[in-house]
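Numbering-wise, full-length UniProt numbering puts 72 at position 72 of the sequence shown, and it's gapless, one number per residue.
Source of the hints: derived by calculation from the structure; they are not laboratory data.
None of the values given here were measured: they were computed from a predicted structure.
Any given hint could be a false lead.
[Unchecked claim] Cut-off 27 Å, straight-line C-alpha distance, at most; resulting in silico cross-link-like pairs (BS3-like, lysine-lysine):
| # | residue 1 | residue 2 |
| --- | --- | --- |
| 1 | Lys-2 | Lys-26 |
| 2 | Lys-35 | Lys-77 |
| 3 | Lys-2 | Lys-30 |
| 4 | Lys-2 | Lys-28 |
| 5 | Lys-38 | Lys-53 |
| 6 | Lys-77 | Lys-2 |
| 7 | Lys-77 | Lys-38 |
| 8 | Lys-77 | Lys-53 |
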Amino acid sequence: MKGHLRERAAGSWAIVLEQCDAATGKRKRKWHSSKGIKRQAQVEWARLISEMKDGSYVEPSKLTLSQFTDRWLRPIKPNASPRTHERYEQLATSVIDKEAF
Numbered sequence: 001m002k003g004h005l006r007e008r009a010a011g012s013w014a015i016v017l018e019q020c021d022a023a024t025g026k027r028k029r030k031w032h033s034s035k036g037i038k039r040q041a042q043v044e045w046a047r048l049i050s051e052m053k054d055g056s057y058v059e060p061s062k063l064t065l066s067q068f069t070d071r072w073l074r075p076i077k078p079n080a081s082p083r084t085h086e087r088y089e090q091l092a093t094s095v096i097d098k099e100a101f
């Protein structure tokens with residue numbers, strides 16, 4: 001796993017992580033942003049690399065909270081009682097969706 005830091009503006013850093021795509025063998029770059037001093041960006045860079053090496057890295061997503069709750073509720077439905085699923089859905093729509101922006 002390789003990577004580097006690039007200063008974008010004063011107090012803003014780009015963390016560029018390079019990895020090899022197992023299927024194609026091509027190099028892929030993952031870009032992350034960090035605000036603050038260079039040392040903070042280096043700590044974040046080291047954290048991201050260690051997460052990628054140990055497999056705990058989760059790809060950032062553009063999902064909205066509403067989309068996430070819909071995806072979360074789908075697999076729960078077959079295993080939960082109808083009343084439980086109904087309550088989860090009610091909480092997701094009335095509390096979470098209204099609280100999110």
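### Task
May I ask which of the numbered hints given earlier this structure violates, with the numbers listed in increasing order?
2, 6, 7, 8
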